[in-house]
Amino acid sequence: MFRYILRRLLQMVLAFFGTTLIVYALTFAGQGDPIQALAGERPVTPAQRAYLTEKYHLDATGVGGFFYRYFDYVKNLLQGNLGESLTGRNIGDILQQAWPVTVQLALIALAVAIIFGVSAGVIAGIRRASIFDNSTLVLTLLVLGIPTIVLAPLAQYFLGVKWQLFPPTAGSDPTFYALLLPGIVLGSLSLATALRLTRASVAENLRADYVRTARSKGLVKRRIVVVHVLRNSLIPVVTFLGVELGNLMSGAIITEGVFNIPGVGFNLFRGIRTEDGPLVVGIVSVLVVVYLVSNLVVDVLYAVLDPRIRYE
Amino acid sequence: MRVRRLAAWTALPLAVTLGLAACGSGGDGGSGGSGSSAVSIQIAEPKHLVPTNTTETSGAQVLTGLFSPLVDYDAQNKPYEVAAQSVTSSDNKVWTIKLKDGFTFHNGEKVTSEDYINAWNYGAYAPNGQDSNYFFEKIAGYTDLQGKAPKAKEMSGLKKVDDLTFTVTLSDPYIDFKTVLGYTAFYPMPDAAFSAPGVLKDSYEQAPIGQGPFKMKGTWQHDSKIDVERYDAYPGEKPKVKNIEFRIYQQLTAAYADVLADNLDVLPTIPSESLSTAPSDLGDRYKTSPMSSFQFLAFPTFDKDYSNPDVRKAISMAIDREEITKSVFKDSQQPARSFVSPVLPGYRENTAGKAGEFNPTEAKKLYQAAGGPSKIVISYNGDGGHKDWVDATVNQLKANLGVDAVGSAEPKFADLLTKVEKKQPVGMFRMAWVMDYPTMEDYLGPLYTTNGSSNYYGYSNPDFDRLVKEGSAAKTQDEAIAKYQQAEDILAKDMPVIPLRFGENVFGTSSKVKNVQMDLFQRVNLVKIEAAS
Numbered sequence: 001m002f003r004y005i006l007r008r009l010l011q012m013v014l015a016f017f018g019t020t021l022i023v024y025a026l027t028f029a030g031q032g033d034p035i036q037a038l039a040g041e042r043p044v045t046p047a048q049r050a051y052l053t054e055k056y057h058l059d060a061t062g063v064g065g066f067f068y069r070y071f072d073y074v075k076n077l078l079q080g081n082l083g084e085s086l087t088g089r090n091i092g093d094i095l096q097q098a099w100p101v102t103v104q105l106a107l108i109a110l111a112v113a114i115i116f117g118v119s120a121g122v123i124a125g126i127r128r129a130s131i132f133d134n135s136t137l138v139l140t141l142l143v144l145g146i147p148t149i150v151l152a153p154l155a156q157y158f159l160g161v162k163w164q165l166f167p168p169t170a171g172s173d174p175t176f177y178a179l180l181l182p183g184i185v186l187g188s189l190s191l192a193t194a195l196r197l198t199r200a201s202v203a204e205n206l207r208a209d210y211v212r213t214a215r216s217k218g219l220v221k222r223r224i225v226v227v228h229v230l231r232n233s234l235i236p237v238v239t240f241l242g243v244e245l246g247n248l249m250s251g252a253i254i255t256e257g258v259f260n261i262p263g264v265g266f267n268l269f270r271g272i273r274t275e276d277g278p279l280v281v282g283i284v285s286v287l288v289v290v291y292l293v294s295n296l297v298v299d300v301l302y303a304v305l306d307p308r309i310r311y312e
Numbered sequence: 001m002r003v004r005r006l007a008a009w010t011a012l013p014l015a016v017t018l019g020l021a022a023c024g025s026g027g028d029g030g031s032g033g034s035g036s037s038a039v040s041i042q043i044a045e046p047k048h049l050v051p052t053n054t055t056e057t058s059g060a061q062v063l064t065g066l067f068s069p070l071v072d073y074d075a076q077n078k079p080y081e082v083a084a085q086s087v088t089s090s091d092n093k094v095w096t097i098k099l100k101d102g103f104t105f106h107n108g109e110k111v112t113s114e115d116y117i118n119a120w121n122y123g124a125y126a127p128n129g130q131d132s133n134y135f136f137e138k139i140a141g142y143t144d145l146q147g148k149a150p151k152a153k154e155m156s157g158l159k160k161v162d163d164l165t166f167t168v169t170l171s172d173p174y175i176d177f178k179t180v181l182g183y184t185a186f187y188p189m190p191d192a193a194f195s196a197p198g199v200l201k202d203s204y205e206q207a208p209i210g211q212g213p214f215k216m217k218g219t220w221q222h223d224s225k226i227d228v229e230r231y232d233a234y235p236g237e238k239p240k241v242k243n244i245e246f247r248i249y250q251q252l253t254a255a256y257a258d259v260l261a262d263n264l265d266v267l268p269t270i271p272s273e274s275l276s277t278a279p280s281d282l283g284d285r286y287k288t289s290p291m292s293s294f295q296f297l298a299f300p301t302f303d304k305d306y307s308n309p310d311v312r313k314a315i316s317m318a319i320d321r322e323e324i325t326k327s328v329f330k331d332s333q334q335p336a337r338s339f340v341s342p343v344l345p346g347y348r349e350n351t352a353g354k355a356g357e358f359n360p361t362e363a364k365k366l367y368q369a370a371g372g373p374s375k376i377v378i379s380y381n382g383d384g385g386h387k388d389w390v391d392a393t394v395n396q397l398k399a400n401l402g403v404d405a406v407g408s409a410e411p412k413f414a415d416l417l418t419k420v421e422k423k424q425p426v427g428m429f430r431m432a433w434v435m436d437y438p439t440m441e442d443y444l445g446p447l448y449t450t451n452g453s454s455n456y457y458g459y460s461n462p463d464f465d466r467l468v469k470e471g472s473a474a475k476t477q478d479e480a481i482a483k484y485q486q487a488e489d490i491l492a493k494d495m496p497v498i499p500l501r502f503g504e505n506v507f508g509t510s511s512k513v514k515n516v517q518m519d520l521f522q523r524v525n526l527v528k529i530e531a532a533s
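In the order they appear, the protein sequences are chains A and B.
According to full-length UniProt numbering, the first sequence is numbered sequentially starting from 1.
According to full-length UniProt numbering, the second sequence is numbered sequentially starting from 1.
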């Protein structure tokens, strides 16, 4: 197991540089005039243009210029320096500020998905074709059908503005309570998917041979479900939730915008909008690490859940 | 045993969540807003908070609290002295600025004439890369500070007379110089801002020290908020509130939800998607006031399709401005038929004359006689909420001129400008202007003179350039306005752009504040705002 993890970690290094190179290339290939984008609708003074061009090596163009800038970036990265955004702020500082709130938000969303999604999925799987099963199916269909960009403002308007159950926005230093509504909104999509995955998996495993054996052995139903069925049913769900954690970190762009939470998604959105190449690449590099690590955790979890899976 | 391990794995994320949540709730709950006495005002994340580097509204809004300008503008938009005792000149070339005694910076330093000179030199020195650099171009010696390796570090036009007096020599006489001094770029900076002469401290921007009615409380909390509190040693008009929180929002819709829920006190701009519902949502908390913005359609005058002024006039006459301001903007903007904003001294109604009147039959006749293009394209930036009115305009042109017309969206305004600068065919394109200081010159100069900084459409008329120049060099205000008006009449003849709409401040407040006044630059008057008892 230890050797397996070590091997995976080494692979991750390669994967990291591969993805950052691609992201870097894509970001800078699609870039128009970042200096004009920075200035918005105002003309840029020649002085300002000269200053920024020199500072960000924007005069190095073409393929040679690209690699020059990329290696410059990697060199700084290896020294733990993510560089400066086009507005002159240290990207490390930006991320340091944005990270905690996004992690909190993602974990609330994940907790919502696990607590409600998985348990409702188990119940629906056991009582197939019951009223509970059918109603959750319809509900999840509804949630899956509504995109976050609609769901989030609706939740904000009804629960935050109209009935005032939650604060309409969370701000930068939010309480757990203020983060709850955005967390639920963010988690609802994964909740629906997790529910459906669990339900299908539980329903299938209930018909498995080992369950029949357990039942004929006279085991109580609760033990059959919790120890035998649930355990084996969780593998697809864990795969999904592990990857989803990465998604929640980066995919919070809409939710964070609607609820005014200055997290990672919020900053990524701003970076993209203002063509702030350094900021986008900086955030995406860190997100790549999150994805790689959560994938590793998922793979290791397989072995925990199913002893037949062994890594050497 | 394996079961227990499984339990541990599922329990871990939950425990972390709860643990983090517990940490989170330890804070002061900055979002709630309830219980705190600070008045909250929406801003976007400022790009910079250095006077000479701030040109956008959010940064300027914060700086109006931290700094006190030399002059401000009265109800008629004429300048009057605030931090200055007097601003005088006999020839409009050499200006003597006397400062009021008693102003101190928030760190206790006395404000002297040197603080102005140092700040302005810093702003004008090109290698510092300051956004407001070009505001100093009228001062003598400015050109020596430009380029990669400037010849000088200080403008020869700035001379200290004594601690409270300095003179500014301009390279050419300029009658409106006193008016210009109200702009953000002309605030002073204290010695404490500089680590060495001409070198600004990195930390200064995080907590700017000014001489205005409010001082920083803590530092700039990026993406979150900027807190300021009343500066008690301020000698001017005292603010009515003790604390102001500038709360940073990435999206206006989020701020709008907060205003609706009484969670935010002032939202200076209602998001366009909420304009139609805002008056009923907010009731008497929905407010409007004059503002200086000017929306227009520009012609690429270098494109032979649009090089004939009659074509341009015909297109202008085919647009029903009333209809669009009503149906698309819900009357939150006003139809425009002049080239300068109605808030200015010297503004006249309908300077565009016949070309500004909606007259479809006449328009069609003129268009055909002048041989206008069979297809009209209007380019705009797709990120600014312009699609609705461009589509409406395009439909009017189709119906009234009998031509094919389409709107063409560019991702961003920058992309549009880049294309225009490269003279790629974009057709007509949308532009907008918000003044920096209330003079006609601030509209005429940058937008239409041959070398104007925002003249993207290649318009050039020597007579016009000469009249604007003569206006700037005039001896009296009346004489200047007369020259500017003559210049505006040339625009009406040439029609390099089509005036469409003048903007208004459309803003919302909570029920917890009163006397919220917005100025022509979309900024809240921080001295007048009061907490409702």
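By construction, these hints were calculated from the structure, which means they are not laboratory data.
Please read these numbers as outputs of a predicted model, since none were measured by experiment.
By construction, the Cβ of each residue, glycine as well, lies at the ideal position given by its N, Cα and C atoms.
There could be a bad hint or two in this list.
Derived lysine-lysine pairs resembling BS3-like cross-links, with alpha carbons at most 30 Å apart [said to hold, decoys possible]:
{"#": "1", "chain 1": "B", "residue 1": "Lys110", "chain 2": "A", "residue 2": "Lys55"}
{"#": "2", "chain 1": "B", "residue 1": "Lys138", "chain 2": "A", "residue 2": "Lys75"}
{"#": "3", "chain 1": "B", "residue 1": "Lys138", "chain 2": "A", "residue 2": "Lys162"}
{"#": "4", "chain 1": "B", "residue 1": "Lys138", "chain 2": "B", "residue 2": "Lys110"}
Not the full set, but computed from the structure, chain A residues with beta-carbon under 10 Å of chain B [unchecked claim]:
{"#": "5", "residue": "Gly18"}
{"#": "6", "residue": "Thr20"}
{"#": "7", "residue": "Val44"}
{"#": "8", "residue": "Pro46"}
{"#": "9", "residue": "Val161"}
{"#": "10", "residue": "Gly246"}
{"#": "11", "residue": "Ser250"}
{"#": "12", "residue": "Arg270"}
Here are the computed distance ranges between Cβ atoms for each label pair [to be verified]:
{"#": "13", "chain 1": "A", "residue 1": "Phe132", "chain 2": "B", "residue 2": "Ser533", "range": "51 to 59 Å"}
{"#": "14", "chain 1": "B", "residue 1": "Ala482", "chain 2": "A", "residue 2": "Pro46", "range": "29 to 37 Å"}
{"#": "15", "chain 1": "B", "residue 1": "Ala207", "chain 2": "A", "residue 2": "Thr53", "range": "43 to 51 Å"}
{"#": "16", "chain 1": "B", "residue 1": "Lys304", "chain 2": "A", "residue 2": "Arg273", "range": "55 to 63 Å"}
{"#": "17", "chain 1": "A", "residue 1": "Phe71", "chain 2": "B", "residue 2": "Asp172", "range": "44 to 52 Å"}
{"#": "18", "chain 1": "B", "residue 1": "Lys375", "chain 2": "A", "residue 2": "Pro46", "range": "33 to 41 Å"}
{"#": "19", "chain 1": "A", "residue 1": "Arg273", "chain 2": "B", "residue 2": "Lys201", "range": "56 to 64 Å"}
{"#": "20", "chain 1": "B", "residue 1": "Ser203", "chain 2": "A", "residue 2": "Thr53", "range": "54 to 62 Å"}
Hints versus structure:
1. B:Lys110 / A:Lys55: Status violated; Cα separation ~36 Å.
2. B:Lys138 / A:Lys75: Since the Cα atoms of Lys138 (chain B) and Lys75 (chain A) sit roughly 44 Å apart, the hinted pair is violated (cutoff 30 Å).
3. B:Lys138 / A:Lys162: 54 Å, violated
4. B:Lys138 / B:Lys110: Satisfied, since the Cα-Cα distance of roughly 28 Å is no more than 30 Å.
5. Gly18: 28 Å, violated
6. Thr20: Nearest chain B Cβ about 24 Å off; hint violated.
7. Val44: With Cβ-Cβ at 9 Å, under 10 Å, it holds.
8. Pro46: 8 Å, holds
9. Val161: For Val161 (chain A), the interface hint holds, since the closest Cβ of chain B sits about 5 Å away, which is under 10 Å.
10. Gly246: Hint on Gly246 (chain A): violated, closest Cβ of chain B at ~14 Å, above 10 Å.
11. Ser250: At 16 Å from the nearest chain B Cβ, Ser250 (chain A) fails the 10 Å test, so the hint is violated.
12. Arg270: 6 Å, holds
13. A:Phe132 / B:Ser533: 51 to 59 Å: 54 Å, holds
14. B:Ala482 / A:Pro46: 29 to 37 Å: For Ala482 (chain B) and Pro46 (chain A) the Cβ distance comes to about 34 Å; the hint holds.
15. B:Ala207 / A:Thr53: 43 to 51 Å: 29 Å, violated
16. B:Lys304 / A:Arg273: 55 to 63 Å: 36 Å, violated
17. A:Phe71 / B:Asp172: 44 to 52 Å: Given a distance of about 49 Å, which is inside 44 to 52 Å, the answer is holds.
18. B:Lys375 / A:Pro46: 33 to 41 Å: 36 Å, holds
19. A:Arg273 / B:Lys201: 56 to 64 Å: Given range 56 to 64 Å: violated, Cβ gap about 30 Å.
20. B:Ser203 / A:Thr53: 54 to 62 Å: 26 Å, violated
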